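Asker: Dock chain B against chain A, hints included.
Just so you know, the protein sequences line up as chains A and B, in that order.
Take the first sequence: its position 111, counting from 1, is numbered 113 in the numbering used here, and each next residue is one higher.
Take the second sequence: its position 253, counting from 1, is numbered 279 in the numbering used here, and each next residue is one higher.
By construction, these hints were calculated from the structure, which means they are not laboratory data.
Do not rely on the hints blindly, as some may be mistaken.
[Claimed, not checked] Covered stretches of chain A (in silico footprint by chain B; criterion: 3 or more residues with CB under 8 Å from a CB of chain B, positions within the stretch not fixed):
no. : stretch
1   : 99 to 106
2   : 125 to 139
3   : 258 to 264
4   : 315 to 321
[What the hints assert, rightly or not] Reference listing, derived: stretches of chain B covered by chain A, where coverage requires no fewer than 3 residues with Cβ under 8 Å from a Cβ of chain A:
no. : stretch
5   : 122 to 134
6   : 154 to 166
7   : 169 to 180
8   : 199 to 207
9   : 258 to 267
Being a predicted model, the structure only gives us computed values, none of them experimental.
By construction, the Cβ of each residue, glycine as well, lies at the ideal position given by its N, Cα and C atoms.
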Amino acid sequence: MNDRIAVIVEHESGRIAPATFEALQCAIEIRRITSSEIICLTVGEKVDELCADVSELSGMPAMGVVIPELHTYNGEAFLRAIIFAAGIVDAGWVCVAGTTQGLDLGPGLAARLGIPCVSAVERVYEKDSKPVFVKKLFNGKVTGEFCIGNHGVVISQPGCFTWEKISTPACRGVDKIRFEPGLLRTRVLGTSLAEPADSGLAEAAVIISAGRGIKRRENLELVSKVAGLFPNSSIAGSRPLCDDGWLPYRLQVGQTGALVAPELYVACGISGAQQHLVGMRGSKFVVAINSDPLAPIFNQADIGIVEDAESFLTDFLRLAMKSDDVAQP
Amino acid sequence: MKILVCVKHSFPTDRSVIIDPSGQWVLDCADGATPQLGRYDELAVEQALTIKDQNPGATVDAITAGSLNKSAILRRAMGMGADSGIHVLTSADVFTSAVRTASLLVSVVRLRSYDLILTGAMSDDLSQGLVGPMLAGKLDIPYITSCVRLNVDSKRSVVVAERDIEGGRRQIVELDLPALASIQACDKKPRYPSLSNIIRAQNQIIETIQAACIDESESGETLLGLTYTPKSGSVNFLTGTCGDKAKELASILRKRAFLR
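With the rest of the complex left out, here is chain A (with noise of 0.2 Å):
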């Protein structure tokens, strides 16, 4: 028999978390190519409503790991939690989303079960029977394409699997399991909000976002200066600007800041690391300006400026500014 291709599912306050289903895809696609049964595990406090809603989704059946007291997620809890699990229903694959909890998890999921781990990744396909994983490396410019046998956890890269609903949901069975972590060495204390979150940048029409390609912390007054262009708009930045104190967290577009979905996007000086694509993905319209012509920002542009930010803006500005001078194509 084959070994089990188990999907971890993600849930926060009751509910699924979507990236679930793009981890559930990519094991589709892995099921395709090893012919293994599929299942989903949930762990948790409360996992009944949760383990019946993946399985009628999804059409697979559904194991949930209770762990009494356990209200959110703990990490090292759920690590024993799985490896418990993973043993009962003899899984050789495990799949996570690649969310912060998925990368929290997988990577330690992976030496505690002896298997390899592979992150990040957009697309499978089959070599030898044998599932081969592809993603991207040196910041998206390359593309790299490995194989880790018959067994390994999967961490699915945001955005890259599209769940295909099933035409017929139903329910494939539930099972349950209650599981005693034992003395944990890691105690969750609480959430917090890093910064309130900015509702302006969820509602603005057009955000004019900084990257370190602008160089000077002084250089934003120049980014906001163009945002004053355009009504309803606000300034963002990518993760690093944000580390470095330039512009406050609430500001960061990407997976762990603001995931957002304008009219019009305007990178500047970004060279569009995966996890910031992540946050704009939506956008209707993008202009990428960098001095870098491979800057993966460019395959997500609709519009592509290969120049210094700083002397791009500080042109644009003053043309846009004197309208008549544009007029005149």
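Answerer: Quick look at chain B alone, frame taken from chain A:
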């Protein structure tokens, strides 16, 4: 308190990448240039040194796995203030799976009973963030990833740390020592190496361990090949001088009614 910080040389994200003729890895970016500390690794070194400053008697060791010239990044960490460097010497710069790197490190680390192990949240070239939690998994110690704040309470032998999660939120956790944290952000900017530390580092011997002498378990991960990522999407690159492009963009944005 014994602290270990795991570092790796950086591959600047704005540099062009050249796949080597075998198609199995990229040409060593560090050839001819001094290898640089990874961006997040530098933060991890700063975090380790901040803890050292606050805990008299604490020591900080830096470790890296890589080819001969990569010892330069250990000198850098020592220049910043790390007490010593450990170099797990590998023969060449080829693709190394995270499992293999974690195995190389664990064989050295296991014998030395560190209280706290820090790594960068991810490397600049692969951006995976796998080695830290894998190392913790292999050592069976608690860990935190994407750590943005970390405080050691040496009396209680715990760390209280925060990790970034979705939606601009942070999860606050307490871990018993020994523990591992992968560092995403640090309250302080990485310090510059001091002259006295640089001189001390230059005269110090870096402990070198041959990777070949270590019993490596089969990593199970094979790189089949690398290709340049094809341009996707349908980007329209504007041409001409900087001014021409600015003019054209303004015109495009007017046509689309973004600009008045």
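Asker: All the hints need checking, so say for each whether the structure fits it.
Answerer: Right, here's what the structure says about each hint:
{"no.": "1", "hint": "99 to 106", "verdict": "holds (count 5)"}
{"no.": "2", "hint": "125 to 139", "verdict": "holds (count 4)"}
{"no.": "3", "hint": "258 to 264", "verdict": "holds (count 3)"}
{"no.": "4", "hint": "315 to 321", "verdict": "holds (count 4)"}
{"no.": "5", "hint": "122 to 134", "verdict": "holds (count 4)"}
{"no.": "6", "hint": "154 to 166", "verdict": "holds (count 12)"}
{"no.": "7", "hint": "169 to 180", "verdict": "holds (count 5)"}
{"no.": "8", "hint": "199 to 207", "verdict": "holds (count 5)"}
{"no.": "9", "hint": "258 to 267", "verdict": "holds (count 7)"}
Of the numbered hints stated above, none is contradicted by the structure.
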